[in-house]
Amino acid sequence: MESIGLGAIAFLIAFPLLVALVLLFVKNEKARTLITVASAIVIACGAIFITVQFMMHGGQALVIAVDAGVSVAAGWFTFIVDLCLCAYIIGKGIRYKNFVAVLLALVQLGLVFWLEFLVLPGVIVSHALYIDYLSIIMALIIGIIGGGIAVYACGYMEDHMLHQEGSDRRNTFFAVIFAFLGAMFGIVFSNNLSWFLCAWEVTTVCSFALIGWTRTDEAIHNSFLQIILNLIGGIAFACALGWIAMYYGTIELNTFLNQTLAYQAGGREVVTWAPLLLLALAGFTKAAQMPFHSWLLGAMVAPTPTSALLHSSTMVKAGVFLFIKLAPCLGLNMPGFLVMLVGGVTFLFAALAAISQSNAKRVLAYSTISNLGLIVACAGIGTAGAIWAAIFLVVFHAAAKSLLFLCVGTAEHHVGSRDIESFDDLFERMPRLSRLMAIGIMGMFIAPFGMLVSKWAALQAFADSGNVILLMLMVFGSAATFMFWAKWFGKILSYASADPKNVEITVHRSEWAALGLMTILVVGLCVAFPLISTSMVVPYLAGVYGSVSSAIATGDLWIMAVIGLVLAVIFLSFTGNTKKKVVPIYLAGRGSDFTEREFYNTFDEPVQATQRNWYMTDIFPEKRTAGIGVAVALALIVSVGGFAVQQAAAQPQTLQDTISMQQEYRESLWGQNGIDSSLYQYIYALESPTYQANKDTYASQYGIEDMQDFMDKLYSDMEADYEANQADLKSTYGIDNMEEYVQTIVQMYSLQSSQSMSTEGGE
Amino acid sequence: MQFSIWSFVGAIAFLVLGPVLGAFLAGADRKISAGMQGRVGPKILQPYWDVRKLMEKEDATVNGAQDLFVKLYLFFVVLSGVFFFAGGNFLLVVLIQTLGALFLIAAAYASRSPYSELGAEREIAQVMSYEPMVLLVAIGMYMATGSFMVSNLTTLDVPLIRYIPLIFIGFCYVLTIKLRKSPFDISMAQHAHQELVRGVVTEFSGKTLAMVEVSHWYENIMFLGWTAMFAVWAGGWVAAVVTVAVALLIWFLEIWVDNNFARVKWQAMLKTAWIVALVCGTANIVYLLFI
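Order-wise, the sequence lines are chains A and B. Quick note: the first sequence uses this note's numbering, first residue 1, plus one each step. Quick note: the second sequence uses this note's numbering, first residue 1, plus one each step.
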């Protein structure tokens with residue numbers, strides 16, 4: 001199984017990169033379209049293949065060992081990629097005279113060298129990759145939705161070139177899109193944090209290239225805003241990596257998470273704050289959380305496929321993916337507190353800011369920021385129910401948001417504006433598109449579609465946590481969300497029953513294909529919701545949290561599925577024709593032209609009635625809503641960060657001890673026999689009191705001088721036991737090696753101790 | 001959702017008796033309002049005869065789309081009521097009811113008439129005003145009883161109002177918005193010479209308008225049910241009588257408020273409703289965490 005999984009993962013990462021390389025040199029439009037469509041299909045099939053393969057092998061999460069030679073080669077490859085990325089940013093920064101970006105890239109460059117030559121050489125990575133249902137779900141999103149957007153881009157970019165001056169550089173555009181997809185696969189399957197960081201930086205630079213692709217002044221400006229904010233995150237990530245390597249003695253993601261839990265349980269929480277907070281900072285920038293959200297608003301100057309890609313299947317999803325991975329270590333601690341509040345604040349204030357926007361892409365951007373905030377808040381809570389909601393929010397947001405971006409992009413090309421006010425009458429001018437857009441909008445904010453059902457689960461998780469602030473942010477944010485979606489929904493459904501001037505006949509086939517795919521996904525995911533829950537998300541959570549059940553009763557999910565299907569069928573099939581007598585609308589007096597809403601005023605002159613949606617700029621001006629959100633989020637980050645630094649400075653002994661503990665581990669029998677370091681930490685914490693209590697006896701009887709001796713004695717005793725009963729253990733418990741034996745004993749031991757604790761509590 | 005015989009009884013009762021009781025309540029509302037204004041008022045069955053007459057009118061519409069949306073509005077209002085009286089998940093009820101509200105808004109937009117479009121904007125503002133408080137009712141219920149199930153409330157030793165008194169007060173405040181009664185009848189200005197004609201329903205006529213009226217009857221009965229939810233406990237007949245009495249008392253208060261307060265601007269509605277939700281919600285949830 002391991003080797004099969006390895007092959008599929010390697011293919012998913014390498015193939016898009018290869019396609020990117022090929023597309024860089026293909027200037028012929030037909031050839032490019034052919035390669036793009038074929039590769040997108042191959043990538044989507046690859047994602048489906050790995051899913052089927054994983055499910056057929058029982059769907060157990062597993063870490064995958066990579067051959068040492070390959071691992072070293074990949075290590076050098078990522079190092080060189082890191083150098084190239086820094087060089088690229090520095091080059092661009094010098095060319096466009098943006099020296100903040102140059103400075104940050106230089107800092108990043110320094111960190112890359114520091115990591116490569118001073119920190120990482122002593123660290124052994126035995127399992128560089130892993131696979132579980134979360135990475136499977138992410139792979140499906142990246143492969144299917146990302147691939148769909150690449151297909152859409154074929155037709156869209158053809159129209160886009162008509163409005164664009166200068167040379168045709170579409171080859172780089174498509175190449176970057178595929179490189180982006182490859183890097184995303186790298187993020188979701190890497191257990192080696194150094195590879196994770198490399199892929200993370202590749203996505204940063206890819207979106208930098210995509211945002212600045214048109215090379216207009218605005219695009220260049222916004223691309224540098226993006227790179228500066230995300231370099232801050234990248235630097236934070238690199239620092240976290242260094243800290244983890246030093247204080248944890250590993251850079252494996254799964255070991256880091258387990259060991260963090262062990263540290264938290266063993267009274268060493270202060271050691272875990274720095275990496276968790278630094279990774280959270282990296283996540284905030286990538287997931288466009290306040291106060292770093294402005295880059296995502298700026299990103300909309302790019303052609304629509306870029307926005308769709310950044311918002312739905314890549315970039316921001318890498319940020320929330322990191323938070324979902326960290327979630328078990330968050331919750332009722334300082335980093336958890338920071339993450340849930342920054343997420344909650346972003347959810348509310350981005351939703352309020354969206355009310356005042358009439359630019360469709362800006363509304364979409366604020367809505368993305370808001371929803372990402374909700375996902376981040378769920379991850380901050382860190383309970384199984386909250387993560388259930390977070391994963392579904394990621395899935396449904398990806399589908400509905402890509403559909404909406406593609407709809408807006410196509411509408412913009414055919415209506416000539418992306419202002420929601422100009423979508424008045426879209427129901428007649430673009431009958432098919434407006435229906436798809438309506439489904440996309442419903443998919444974003446109303447039951448029975450997935451986003452809202454996931455919000456329901458999030459609300460439940462917030463109530464379970466008893467966090468008043470978060471609950472308040474949630475209920476007001478939900479009301480604001482209804483406001484800005486409902487008015488857009490209404491606008492595109494307005495209908496004058498005039499002669500329809502259909503402007504959608506010139507929409508490209510590739511665009512319809514992608515739009516159709518996204519619509520099928522929005523509706524299909526809604527219908528398949530209960531199945532996805534039981535077959536993928538619940539097993540994932542069971543692996544992370546022990547046994548769990550669906551956050552929402554499956555019966556209720558089925559009710560939603562049926563309603564969703566009915567609504568979709570109605571919206572896709574109804575024509576708007578009627579057998580009734582059609583009468584003109586009421587215009588208070590005499591109308592002259594009812595489809596143009598023209599009437600005669602008191603001087604008998606024709607006047608046109610105009611009607612704009614409400615933007616409530618007196619109550620919710622963007623400056624105030626977004627401004628308050630940024631200020632609050634920034635204050636939270638600074639104060640929690642400052643508190644963490646102060647605590648760490650106050651406990652240098654704990655930090656020192658942790659490093660010597662790492663040293664001890666490496667020298668101990670445990671470390672030499674490849675037993676997981678977090679397992680060692682856990683037993684160390686568990687056995688410490690016993691040793692301290694019987695120190696003298698052990699010294700006199702067995703000659704044990706310190707804790708490390710004690711641990712090694714424990715190990716050799718266990719090893720002797722294991723070897724004596726190897727055959728029995730294999731047949732009765734299915735224990736294959738020493739590591740599994742130790743794990744089993746620890747599990748039985750902690751079960752016993754929790755039972756004895758509960759009986760003590762009973763008495 | 002766990003089904004029992006009472007779920008079916010509740011659901012069927014709402015389907016059949018909902019509009020009957022709703023029509024009676026609408027008639028009584030007009031009678032009582034007339035009394036408060038020193039008039040005689042129409043007969044108690046007047047709303048029923050009004051709808052009968054609407055059904056016989058000529059079929060006319062400004063377009064086919066709005067008829068579909070009104071049908072969806074009626075359907076989801078009824079569906080949410082059915083789930084509620086079957087004792088289902090309250091959050092599910094709220095979400096489906098919001099879906100219904102969206103289709104009334106869509107119907108008003110679809111006509112593309114300046115009057116109903118303005119009514120639709122105002123209706124959105126109404127939804128936005130009451131939504132936080134309604135969600136807080138669900139949250140309060142969940143935190144107090146550990147479940148969103150309405151059926152669960154009939155097994156309580158003490159009624160919900162004991163745990164969430166402030167949320168009940170807040171709910172009564174936004175109930176006025178949900179019932180579209182003065183001072184918050186913003187989207188449904190009642191009088192013929194208002195600048196809005198009659199808000200969202202301006203462009204509806206005949207059977208379509210009748211459907212909207214019937215939806216309101218259903219909706220009003222459901223909202224009385226939501227009010228009753230705070231007062232119910234496992235007390236047999238006594239509990240049933242008290243619960244109905246509380247619901248009718250609140251309903252009477254709503255009529256009194258309707259007749260004694262002038263309509264406010266939407267800004268005032270939004271601000272006050274959100275402040276009430278913020279204060280009542282926060283204070284009550286903190287209280288719940290301490291008991």
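These are computed hints drawn from the structure, not numbers from a lab. Ideal Cβ positions, reconstructed from N, Cα and C, are used throughout, including at glycine. Careful, some of the hints might be misleading.
What the hints assert, rightly or not - DSBU-like mimics (lysine-lysine), calculated; alpha carbons at most 30 Å apart, straight line:
hint: 1; chain 1: A; residue 1: K501; chain 2: A; residue 2: K580
hint: 2; chain 1: A; residue 1: K579; chain 2: B; residue 2: K71
hint: 3; chain 1: B; residue 1: K71; chain 2: A; residue 2: K581
hint: 4; chain 1: B; residue 1: K53; chain 2: B; residue 2: K31
hint: 5; chain 1: A; residue 1: K579; chain 2: B; residue 2: K57
hint: 6; chain 1: A; residue 1: K579; chain 2: B; residue 2: K53
hint: 7; chain 1: B; residue 1: K71; chain 2: B; residue 2: K43
hint: 8; chain 1: B; residue 1: K265; chain 2: A; residue 2: K623
hint: 9; chain 1: B; residue 1: K57; chain 2: A; residue 2: K580
hint: 10; chain 1: A; residue 1: K730; chain 2: A; residue 2: K713
Claimed, not checked - Cβ-to-Cβ under 8 Å is the rule here; a few derived chain B residues that face chain A:
hint: 11; residue: N63
hint: 12; residue: A65
hint: 13; residue: L99
hint: 14; residue: P114
hint: 15; residue: T202
hint: 16; residue: A240
hint: 17; residue: V242
hint: 18; residue: I285
hint: 19; residue: L289
hint: 20; residue: I291
Each hint tested on the structure:
1. A/K501 / A/K580: 23 Å, holds
2. A/K579 / B/K71: 16 Å, holds
3. B/K71 / A/K581: 18 Å, holds
4. B/K53 / B/K31: 20 Å, holds
5. A/K579 / B/K57: 15 Å, holds
6. A/K579 / B/K53: 21 Å, holds
7. B/K71 / B/K43: 28 Å, holds
8. B/K265 / A/K623: Satisfied, since the Cα-Cα distance of roughly 24 Å is no more than 30 Å.
9. B/K57 / A/K580: Satisfied, since the Cα-Cα distance of roughly 12 Å is no more than 30 Å.
10. A/K730 / A/K713: 24 Å, holds
11. N63: Since chain A brings a Cβ to about 5 Å from B/N63, closer than 8 Å, the hint holds.
12. A65: 5 Å, holds
13. L99: B/L99 check passes; min Cβ-Cβ to chain A is 5 Å, inside 8 Å.
14. P114: 4 Å, holds
15. T202: 6 Å, holds
16. A240: 27 Å, violated
17. V242: Violated, about 28 Å.
18. I285: 5 Å, holds
19. L289: Holds: closest Cβ of chain A sits about 5 Å from B/L289, inside 8 Å.
20. I291: B/I291 check fails; min Cβ-Cβ to chain A is 12 Å, beyond 8 Å.
Checked against the numbered hints above, the structure breaks hints 16, 17 and 20 and satisfies the rest.
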